Amino acid sequence: MADTTGTEKTFRSYTSTQGMVYARGRPGYRPDLYKLIIDYHVSTGGALDLLLDVGCGAGTATREISPYFAQAVGIDPSSGMIAAATSADGVALPANERIRFGASGAEQLGSNLSPPIADGSVDLITAATAAHYFDMPRFWNAAARVLKPGGTVALWRGSFLHIHPSTPNYDRINTALQSLRERLSETNVNQSTQGGTTYETLPLPWNLESPVVEFDETMFYRKVWNDNGSVTTQEEYFMNHQTMSLDVMEAYLSSISPVARWRQVHKDIAETEQDIVKVFIRQALAILRDGGVEHGREAIVTGMSGVLMMFKKRS
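Following our numbering, the numbering of the sequence shown begins with 1 at its first residue and continues without gaps.
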(Lines of atoms letter the chains of each structure in order from A and count residues from 1; the text may use other names and numbers.)
(Lines give C-alpha, C1' and ligand atoms only; values in the text may rest on other atoms or scores of the structure.)
Protein backbone atom coordinates (compact mmCIF):
# COMPACT_ATOMS: atom_id res chain seq x y z
CA MET A 1 0.00 0.00 0.00
CA ALA A 2 1.12 3.51 -0.72
CA ASP A 3 2.44 5.73 2.04
CA THR A 4 -0.37 8.15 2.89
CA THR A 5 -0.72 10.78 5.58
CA GLY A 6 -4.29 12.00 5.13
CA THR A 7 -6.68 11.93 8.07
CA GLU A 8 -8.88 9.03 6.94
CA LYS A 9 -8.19 5.73 8.71
CA THR A 10 -11.31 3.59 8.26
CA PHE A 11 -11.55 3.15 4.48
CA ARG A 12 -7.78 2.83 4.17
CA SER A 13 -7.89 -0.44 6.13
CA TYR A 14 -10.74 -1.96 4.08
CA THR A 15 -10.35 -5.46 2.72
CA SER A 16 -11.45 -6.28 -0.82
CA THR A 17 -14.67 -7.77 0.58
CA GLN A 18 -15.43 -4.57 2.48
CA GLY A 19 -14.62 -2.60 -0.65
CA MET A 20 -17.17 -4.61 -2.63
CA VAL A 21 -19.85 -4.02 0.01
CA TYR A 22 -19.01 -0.32 -0.13
CA ALA A 23 -19.29 -0.31 -3.92
CA ARG A 24 -22.75 -1.90 -3.88
CA GLY A 25 -24.04 0.78 -1.51
CA ARG A 26 -22.66 3.87 -3.23
CA PRO A 27 -24.63 5.71 -5.92
CA GLY A 28 -22.90 7.60 -8.68
CA TYR A 29 -23.32 11.26 -9.59
CA ARG A 30 -25.65 12.85 -12.10
CA PRO A 31 -24.36 13.56 -15.62
CA ASP A 32 -25.14 17.28 -15.16
CA LEU A 33 -22.32 17.49 -12.61
CA TYR A 34 -19.75 15.99 -14.95
CA LYS A 35 -20.89 18.22 -17.81
CA LEU A 36 -20.44 21.28 -15.60
CA ILE A 37 -16.89 20.18 -14.78
CA ILE A 38 -15.95 19.38 -18.36
CA ASP A 39 -17.47 22.61 -19.70
CA TYR A 40 -15.41 24.67 -17.22
CA HIS A 41 -12.28 22.64 -17.91
CA VAL A 42 -12.47 22.85 -21.71
CA SER A 43 -13.67 26.46 -21.86
CA THR A 44 -10.63 27.52 -19.83
CA GLY A 45 -8.16 25.76 -22.11
CA GLY A 46 -8.05 22.27 -20.61
CA ALA A 47 -7.30 19.21 -22.76
CA LEU A 48 -8.94 15.77 -22.51
CA ASP A 49 -5.96 13.43 -22.60
CA LEU A 50 -5.49 12.23 -18.99
CA LEU A 51 -7.85 12.17 -16.00
CA LEU A 52 -6.57 11.46 -12.48
CA ASP A 53 -9.33 10.59 -10.00
CA VAL A 54 -8.04 10.82 -6.41
CA GLY A 55 -9.58 8.90 -3.52
CA CYS A 56 -11.44 6.90 -6.15
CA GLY A 57 -12.77 4.26 -3.77
CA ALA A 58 -14.38 1.51 -5.83
CA GLY A 59 -13.98 3.56 -9.00
CA THR A 60 -17.55 4.78 -9.53
CA ALA A 61 -16.74 8.40 -10.41
CA THR A 62 -13.62 7.36 -12.33
CA ARG A 63 -15.70 5.26 -14.70
CA GLU A 64 -18.50 7.80 -14.96
CA ILE A 65 -16.30 10.70 -16.08
CA SER A 66 -13.66 8.67 -17.97
CA PRO A 67 -15.52 8.62 -21.34
CA TYR A 68 -14.54 12.27 -21.79
CA PHE A 69 -10.82 11.35 -21.70
CA ALA A 70 -8.38 9.32 -23.75
CA GLN A 71 -6.91 7.81 -20.55
CA ALA A 72 -8.01 7.71 -16.91
CA VAL A 73 -6.27 6.67 -13.69
CA GLY A 74 -8.05 6.11 -10.39
CA ILE A 75 -6.00 6.09 -7.18
CA ASP A 76 -6.90 5.33 -3.59
CA PRO A 77 -4.75 4.64 -0.50
CA SER A 78 -6.77 1.49 0.23
CA SER A 79 -5.66 -1.66 -1.55
CA GLY A 80 -9.07 -3.14 -0.66
CA MET A 81 -10.83 -0.33 -2.50
CA ILE A 82 -8.55 -0.77 -5.51
CA ALA A 83 -9.37 -4.49 -5.51
CA ALA A 84 -13.06 -3.57 -5.56
CA ALA A 85 -12.46 -1.07 -8.38
CA THR A 86 -10.93 -3.77 -10.55
CA SER A 87 -13.57 -6.42 -9.92
CA ALA A 88 -17.32 -6.93 -9.82
CA ASP A 89 -18.49 -8.94 -6.80
CA GLY A 90 -15.10 -10.59 -6.57
CA VAL A 91 -14.74 -11.42 -10.28
CA ALA A 92 -11.90 -9.60 -12.01
CA LEU A 93 -13.07 -7.17 -14.67
CA PRO A 94 -11.57 -7.45 -18.17
CA ALA A 95 -8.46 -5.34 -18.69
CA ASN A 96 -9.29 -1.84 -19.88
CA GLU A 97 -6.56 -0.06 -21.80
CA ARG A 98 -8.18 3.32 -21.12
CA ILE A 99 -8.62 3.04 -17.34
CA ARG A 100 -6.23 1.78 -14.69
CA PHE A 101 -6.34 1.80 -10.90
CA GLY A 102 -3.57 1.82 -8.32
CA ALA A 103 -2.94 2.25 -4.60
CA SER A 104 -1.63 5.76 -4.00
CA GLY A 105 -2.51 8.67 -1.77
CA ALA A 106 -3.60 12.23 -2.46
CA GLU A 107 -0.20 13.42 -1.27
CA GLN A 108 1.71 11.28 -3.80
CA LEU A 109 -0.70 11.40 -6.76
CA GLY A 110 0.64 8.26 -8.34
CA SER A 111 4.36 8.93 -8.01
CA ASN A 112 4.69 5.42 -6.52
CA LEU A 113 2.82 3.62 -9.31
CA SER A 114 4.42 1.64 -12.09
CA PRO A 115 4.51 3.43 -14.41
CA PRO A 116 4.24 6.56 -12.25
CA ILE A 117 2.06 9.55 -13.02
CA ALA A 118 4.50 11.81 -14.82
CA ASP A 119 5.01 15.43 -13.86
CA GLY A 120 3.05 17.80 -16.09
CA SER A 121 0.98 15.01 -17.64
CA VAL A 122 -2.51 15.33 -16.10
CA ASP A 123 -5.31 17.44 -17.59
CA LEU A 124 -7.97 17.07 -14.89
CA ILE A 125 -7.70 15.97 -11.25
CA THR A 126 -10.99 15.00 -9.63
CA ALA A 127 -11.87 14.05 -6.05
CA ALA A 128 -15.44 12.94 -5.35
CA THR A 129 -16.39 13.28 -1.67
CA ALA A 130 -12.78 12.68 -0.67
CA ALA A 131 -10.81 15.94 -0.31
CA HIS A 132 -11.81 16.36 3.34
CA TYR A 133 -9.52 13.40 4.08
CA PHE A 134 -6.46 14.83 2.30
CA ASP A 135 -3.37 16.49 3.73
CA MET A 136 -4.26 19.57 1.70
CA PRO A 137 -0.88 21.40 1.64
CA ARG A 138 0.81 18.26 0.33
CA PHE A 139 -2.04 17.60 -2.08
CA TRP A 140 -1.88 21.09 -3.59
CA ASN A 141 1.88 20.83 -4.09
CA ALA A 142 1.52 17.42 -5.71
CA ALA A 143 -1.34 18.67 -7.90
CA ALA A 144 0.78 21.58 -9.12
CA ARG A 145 3.51 19.09 -9.99
CA VAL A 146 1.46 16.59 -12.03
CA LEU A 147 -0.96 18.97 -13.78
CA LYS A 148 -0.26 20.34 -17.20
CA PRO A 149 -0.22 24.13 -17.50
CA GLY A 150 -3.89 25.07 -17.82
CA GLY A 151 -4.97 21.89 -16.04
CA THR A 152 -7.90 21.78 -13.63
CA VAL A 153 -8.65 20.43 -10.16
CA ALA A 154 -12.33 19.64 -9.43
CA LEU A 155 -13.29 18.80 -5.84
CA TRP A 156 -16.86 18.02 -4.87
CA ARG A 157 -18.81 16.38 -2.09
CA GLY A 158 -22.30 15.51 -1.01
CA SER A 159 -23.57 15.92 2.52
CA PHE A 160 -25.12 13.37 4.82
CA LEU A 161 -28.48 12.29 3.39
CA HIS A 162 -31.45 14.63 3.55
CA ILE A 163 -35.04 13.41 3.40
CA HIS A 164 -37.03 15.03 0.60
CA PRO A 165 -40.29 16.64 1.79
CA SER A 166 -42.29 14.58 -0.73
CA THR A 167 -41.62 11.47 1.38
CA PRO A 168 -44.73 10.27 3.28
CA ASN A 169 -44.53 11.21 6.98
CA TYR A 170 -41.52 13.36 6.11
CA ASP A 171 -41.23 15.06 9.53
CA ARG A 172 -41.12 11.80 11.47
CA ILE A 173 -38.63 10.11 9.16
CA ASN A 174 -36.45 13.20 9.20
CA THR A 175 -36.51 13.18 13.01
CA ALA A 176 -35.47 9.52 13.02
CA LEU A 177 -32.60 10.26 10.62
CA GLN A 178 -31.41 13.17 12.77
CA SER A 179 -31.43 10.83 15.78
CA LEU A 180 -29.25 8.40 13.80
CA ARG A 181 -26.79 11.21 13.04
CA GLU A 182 -26.63 12.21 16.70
CA ARG A 183 -25.93 8.64 17.79
CA LEU A 184 -23.18 8.34 15.20
CA SER A 185 -21.55 11.54 16.43
CA GLU A 186 -21.32 10.16 19.98
CA THR A 187 -18.81 7.49 19.03
CA ASN A 188 -17.11 8.92 15.97
CA VAL A 189 -14.40 11.41 15.28
CA ASN A 190 -16.35 12.71 12.31
CA GLN A 191 -13.58 13.13 9.78
CA SER A 192 -16.21 13.46 7.08
CA THR A 193 -16.91 17.08 8.07
CA GLN A 194 -13.31 18.32 8.02
CA GLY A 195 -13.19 21.30 5.71
CA GLY A 196 -16.86 22.02 6.42
CA THR A 197 -19.95 20.34 5.03
CA THR A 198 -19.69 22.50 1.90
CA TYR A 199 -15.87 22.82 1.97
CA GLU A 200 -16.17 26.34 3.33
CA THR A 201 -13.04 25.84 5.46
CA LEU A 202 -11.08 23.50 3.18
CA PRO A 203 -7.52 24.88 2.75
CA LEU A 204 -7.13 26.47 -0.67
CA PRO A 205 -3.79 26.72 -2.49
CA TRP A 206 -3.46 30.50 -2.09
CA ASN A 207 -4.45 30.45 1.61
CA LEU A 208 -1.75 28.07 2.81
CA GLU A 209 1.11 29.12 5.07
CA SER A 210 3.29 28.51 2.01
CA PRO A 211 0.94 29.34 -0.89
CA VAL A 212 1.05 27.15 -3.99
CA VAL A 213 1.42 29.94 -6.51
CA GLU A 214 0.86 27.78 -9.58
CA PHE A 215 -2.92 28.09 -9.09
CA ASP A 216 -4.76 31.18 -10.34
CA GLU A 217 -7.15 32.54 -7.70
CA THR A 218 -8.99 34.64 -10.30
CA MET A 219 -10.16 31.41 -11.99
CA PHE A 220 -11.59 29.88 -8.80
CA TYR A 221 -15.12 28.44 -9.12
CA ARG A 222 -17.39 27.42 -6.23
CA LYS A 223 -21.03 26.34 -6.39
CA VAL A 224 -23.26 25.10 -3.54
CA TRP A 225 -26.57 23.31 -4.07
CA ASN A 226 -29.40 22.87 -1.57
CA ASP A 227 -27.41 24.18 1.39
CA ASN A 228 -28.57 22.62 4.67
CA GLY A 229 -30.94 20.40 2.70
CA SER A 230 -33.16 23.25 1.54
CA VAL A 231 -35.51 22.14 -1.24
CA THR A 232 -39.19 22.54 -2.06
CA THR A 233 -41.55 19.61 -2.54
CA GLN A 234 -41.46 20.23 -6.31
CA GLU A 235 -37.66 20.51 -6.58
CA GLU A 236 -35.07 17.77 -6.89
CA TYR A 237 -31.79 17.76 -5.03
CA PHE A 238 -28.99 18.45 -7.49
CA MET A 239 -26.73 15.92 -5.76
CA ASN A 240 -27.85 12.29 -5.65
CA HIS A 241 -31.62 12.85 -5.76
CA GLN A 242 -33.19 9.40 -5.78
CA THR A 243 -35.95 7.24 -4.41
CA MET A 244 -34.43 4.56 -2.20
CA SER A 245 -36.09 1.34 -1.20
CA LEU A 246 -35.35 0.52 2.41
CA ASP A 247 -32.94 -2.21 1.28
CA VAL A 248 -31.03 0.33 -0.82
CA MET A 249 -31.12 2.84 2.03
CA GLU A 250 -29.66 0.23 4.39
CA ALA A 251 -26.89 -0.61 1.91
CA TYR A 252 -26.05 3.06 1.43
CA LEU A 253 -25.95 3.88 5.14
CA SER A 254 -23.80 0.79 5.73
CA SER A 255 -21.24 2.18 3.28
CA ILE A 256 -20.61 5.56 4.92
CA SER A 257 -17.60 6.17 7.15
CA PRO A 258 -19.44 7.23 10.37
CA VAL A 259 -21.37 3.94 10.34
CA ALA A 260 -18.21 1.96 9.59
CA ARG A 261 -16.50 3.57 12.59
CA TRP A 262 -19.56 3.05 14.82
CA ARG A 263 -19.47 -0.65 13.94
CA GLN A 264 -15.78 -0.83 14.78
CA VAL A 265 -16.58 0.52 18.26
CA HIS A 266 -19.68 -1.67 18.69
CA LYS A 267 -18.46 -4.95 17.23
CA ASP A 268 -20.69 -6.97 19.58
CA ILE A 269 -23.91 -5.62 18.04
CA ALA A 270 -22.73 -4.54 14.59
CA GLU A 271 -25.03 -5.87 11.86
CA THR A 272 -27.33 -7.51 14.40
CA GLU A 273 -30.90 -6.38 15.03
CA GLN A 274 -29.43 -3.83 17.47
CA ASP A 275 -27.21 -2.32 14.79
CA ILE A 276 -27.71 1.44 14.46
CA VAL A 277 -28.68 1.21 10.78
CA LYS A 278 -31.07 -1.69 11.23
CA VAL A 279 -32.82 0.16 14.07
CA PHE A 280 -33.33 3.17 11.79
CA ILE A 281 -34.64 1.01 8.94
CA ARG A 282 -37.22 -0.58 11.25
CA GLN A 283 -38.27 2.88 12.42
CA ALA A 284 -38.58 4.10 8.83
CA LEU A 285 -40.65 1.06 7.87
CA ALA A 286 -43.10 1.69 10.71
CA ILE A 287 -43.33 5.42 9.93
CA LEU A 288 -44.00 4.79 6.23
CA ARG A 289 -46.68 2.24 7.05
CA ASP A 290 -48.27 4.76 9.43
CA GLY A 291 -48.27 7.20 6.51
CA GLY A 292 -50.34 4.84 4.41
CA VAL A 293 -47.59 3.34 2.26
CA GLU A 294 -48.53 -0.12 1.02
CA HIS A 295 -46.55 -3.22 1.96
CA GLY A 296 -43.71 -3.75 -0.50
CA ARG A 297 -43.73 -0.14 -1.70
CA GLU A 298 -41.85 1.42 1.21
CA ALA A 299 -39.31 3.92 -0.10
CA ILE A 300 -37.73 7.22 0.91
CA VAL A 301 -36.98 10.11 -1.43
CA THR A 302 -33.51 11.40 -0.56
CA GLY A 303 -30.80 13.75 -1.73
CA MET A 304 -27.81 15.72 -0.55
CA SER A 305 -26.52 19.22 -0.21
CA GLY A 306 -23.58 19.53 -2.55
CA VAL A 307 -20.58 21.67 -3.36
CA LEU A 308 -18.26 21.80 -6.35
CA MET A 309 -14.99 23.74 -6.37
CA MET A 310 -12.70 24.08 -9.38
CA PHE A 311 -9.16 25.43 -9.59
CA LYS A 312 -6.95 26.28 -12.54
CA LYS A 313 -3.21 25.85 -12.87
CA ARG A 314 -1.67 28.85 -14.59
CA SER A 315 -0.84 28.34 -18.27
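Please keep in mind that the hints were generated in silico from the structure rather than gathered at the bench. All of these numbers come straight from a predicted model, not from anything done at the bench. Treat the hints with caution; some may be incorrect.
[As the list claims (entries may be wrong)] Heads up, simulated PhoX-like pairs for lysine-lysine below, C-alpha to C-alpha not over 25 angstroms straight-line:
{"#": "1", "residue 1": "Lys-278", "residue 2": "Lys-267"}
{"#": "2", "residue 1": "Lys-35", "residue 2": "Lys-148"}
{"#": "3", "residue 1": "Lys-223", "residue 2": "Lys-35"}
Against the structure, the hints:
For the suggested pair Lys-278 and Lys-267, the alpha carbons sit about 14 angstroms apart, so the restraint of at most 25 angstroms is met. With a C-alpha separation of about 21 angstroms, the suggested pair Lys-35 and Lys-148 falls inside the 25 angstroms cut-off, and the hint holds. Using a Cα cut-off of 25 angstroms, the hinted pair Lys-223 and Lys-35 holds, with the two alpha carbons roughly 14 angstroms apart.
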